[in-house]
Amino acid sequence: MNAVALENLSKTYAGGKQAVKHISLTLKPGEVFGFLGPNGAGKTTTVKLLNGMLTPSEGNCRVLDMDPAQEPEKVHALSGVLTEHAQMYDGLTGMQNLTFYAAVFGIPAGEGKERARELLRRLELTEATDQKLSAYSTGMRQRLSLARALIHRPRVLFLDEPTSGLDPESAQNVNRLIRELAQKEGVTIFLCTHQLRYAQEICTRYGLIEEGCLLAEGTLEELRGRIPAGTRLLIRAARMPEGLPLQHTGETQYETAISQDEEIPVLVRRIVAGGGDIYQVSVKKPSLEDIYFTLTAKRKEAAK
Amino acid sequence: MKNAMLAIIKKDFRGVTSNKNQFSAMLIVPLVLTILLPSVFVFLIHFVPEDPDIQTLVELLPPSAREGNLELTVVGLILNFILPAFFLMIPIMTASIMAASSFVGEKERHTLETLLYCPLSVKQIFRAKVLASFLLSMMVSLISFCAMLFVLELELFFLMGSLLLPGLNWLAVLLLVSPAISLIAVTLIVRKSAKAQTMEESQQSAVFLVIPVLLLVAGQFTGILLLNIWILLVLGLICALLAWLLLRKCMARFTYEMLLT
Numbered sequence: 001m002n003a004v005a006l007e008n009l010s011k012t013y014a015g016g017k018q019a020v021k022h023i024s025l026t027l028k029p030g031e032v033f034g035f036l037g038p039n040g041a042g043k044t045t046t047v048k049l050l051n052g053m054l055t056p057s058e059g060n061c062r063v064l065d066m067d068p069a070q071e072p073e074k075v076h077a078l079s080g081v082l083t084e085h086a087q088m089y090d091g092l093t094g095m096q097n098l099t100f101y102a103a104v105f106g107i108p109a110g111e112g113k114e115r116a117r118e119l120l121r122r123l124e125l126t127e128a129t130d131q132k133l134s135a136y137s138t139g140m141r142q143r144l145s146l147a148r149a150l151i152h153r154p155r156v157l158f159l160d161e162p163t164s165g166l167d168p169e170s171a172q173n174v175n176r177l178i179r180e181l182a183q184k185e186g187v188t189i190f191l192c193t194h195q196l197r198y199a200q201e202i203c204t205r206y207g208l209i210e211e212g213c214l215l216a217e218g219t220l221e222e223l224r225g226r227i228p229a230g231t232r233l234l235i236r237a238a239r240m241p242e243g244l245p246l247q248h249t250g251e252t253q254y255e256t257a258i259s260q261d262e263e264i265p266v267l268v269r270r271i272v273a274g275g276g277d278i279y280q281v282s283v284k285k286p287s288l289e290d291i292y293f294t295l296t297a298k299r300k301e302a303a304k
Numbered sequence: 001m002k003n004a005m006l007a008i009i010k011k012d013f014r015g016v017t018s019n020k021n022q023f024s025a026m027l028i029v030p031l032v033l034t035i036l037l038p039s040v041f042v043f044l045i046h047f048v049p050e051d052p053d054i055q056t057l058v059e060l061l062p063p064s065a066r067e068g069n070l071e072l073t074v075v076g077l078i079l080n081f082i083l084p085a086f087f088l089m090i091p092i093m094t095a096s097i098m099a100a101s102s103f104v105g106e107k108e109r110h111t112l113e114t115l116l117y118c119p120l121s122v123k124q125i126f127r128a129k130v131l132a133s134f135l136l137s138m139m140v141s142l143i144s145f146c147a148m149l150f151v152l153e154l155e156l157f158f159l160m161g162s163l164l165l166p167g168l169n170w171l172a173v174l175l176l177v178s179p180a181i182s183l184i185a186v187t188l189i190v191r192k193s194a195k196a197q198t199m200e201e202s203q204q205s206a207v208f209l210v211i212p213v214l215l216l217v218a219g220q221f222t223g224i225l226l227l228n229i230w231i232l233l234v235l236g237l238i239c240a241l242l243a244w245l246l247l248r249k250c251m252a253r254f255t256y257e258m259l260l261t
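As given, the protein sequences belong to chains Z and G, one line each in that order.
Each residue of the first sequence is one higher than the last, beginning at 1 in my numbering.
Each residue of the second sequence is one higher than the last, beginning at 1 in my numbering.
Treat the hints with care, since some could be wrong.
Among the chain G residues that face chain Z by a calculated CB cut under 10 Å, a handful are [to be verified]: (1) R14; (2) A196; (3) G219; (4) L259.
Derived from the structure by calculation, the hints contain no laboratory data.
Here the structure is a predicted model, which is why all the values come from computation and not from measurement.
Virtual Cβ for every residue (Gly too), placed ideally from N, Cα, C.
The task is simple: from the sequences and hints, build the whole structure.
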């Protein structure tokens, strides 16, 4: 069974804006899926569709084999959602907020308090347990929201910009927690972000979205295969022999595109045989950012 | 899911009582209408019986009622015929403040979306919130009535040496008209809340409910309409029916999408 499945999913708002356009993809249980794109690309709309907050204009989606448009309550019982617009109560303390949501999720009072305490500890909020939310910083609020999304131990977690407003240390802590949830507890993570470098640190598979369209999806290696001249070989050498397929980029810098690692020793041998002195050889694989920009440029060109 | 709904009701209660502005706004009207106003009437009747307004009231009385302790009779007239009309403002106002805070307030503070991600249907959330507003409104009404009675009896005892029992009118007001009117106010606010962006905007929708109540008060003072138990029962039943119809219609049209966009 897929944890999350989207099939030709589209959403057009009442004003006529088409926010999501014919997206199809599936997520396996325990996967950390990065749904990546700039602000306004349709990420949040997709999360809302997957939680039944919006009804699809076309196609359908399923979470743990349930249709969120038909059975939103059942989906909510098994999924946790963290979005920028899902805030908590300023007049309540961190603990009161968490125990309130625990009660709404049907967790008995004692157990709710226990879970809240444990989550506050894991997210380094123990000292702020009895502080009112109005006294929390942006980062603390974000971490408390994550605790709230986890209070009922969801099987699927939808995270919309989970590290926004977090300092580097807290972000690292949140990343560790997300990894643990996926690896140890088998929670499926659907992570939306526009921070591609951050996504590359934590996700196991990616979906790249722009203006509501899914540009590509797959693992990093699969995505690298989608762009031409993806991997580049960088060589620092002197007395480079003539006639080699290398681009001169600096005084002693040379560069070329390779499609597989086997090409490297062949090229190195040719340089040495031709009398070249090699100081350094390195391989530069395209980052998620490189892939994203290449694919968006390609899409724009195709549109012209 | 009853516990979940109970948690929402408790949280809504705490939300409005912990907000100083809302809580004081909710207390002022009952204090004026059930403590200050009746006291002014009692003191006027006792100390300034020749006041033209008091005389107008006395003239409204049937000749048989003018015999005996006139002061007590006039106070009885005010207690059983004038004050119930004023009293109806309390459930309208309390329900409006609570419903606006509970629905539009949550929308304004971006907490409604979080609540919608919980395993409750929109209808269940809606029901819990309507119930919270309704219960608070009823509690405030009941406490106001008890406070009014306590203060009034105390004043009557010390000034006129006698006590006065409230009439059957109050039973109809407390058990039928007031709950029905409070439900109408809640429903009107909730209906508006889907579109309204601020609490004030949604509260305006219940303002026009005050107009018939004011007309009722004016009618009572001029003697055009003297509320009796039968009029109140009919009025209460009409309001209850209207509340039920509005609530049903309102509940059917709510969706997640409508609340979030």
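Report holds or violated for the interface hint on G219(G), using the least CB-CB distance to chain Z and a cut-off of 10 Å. Given a least distance of 42 Å, the restraint on G219(G) is violated.
Hold the hint about L259(G) up to the distance rule: shortest CB distance to chain Z must be less than 10 Å. holds (9 Å)
Chain Z contact restraint for R14(G) - C-beta distance below 10 Å: Holds - the Cβ of R14(G) comes within 10 Å of chain Z, reaching about 8 Å at its closest.
Is the hint on A196(G) kept, meaning its closest Cβ partner in chain Z is under 10 Å away? violated (17 Å)
Of the hints listed earlier, those the structure fails to meet are numbers 2, 3, in rising order.
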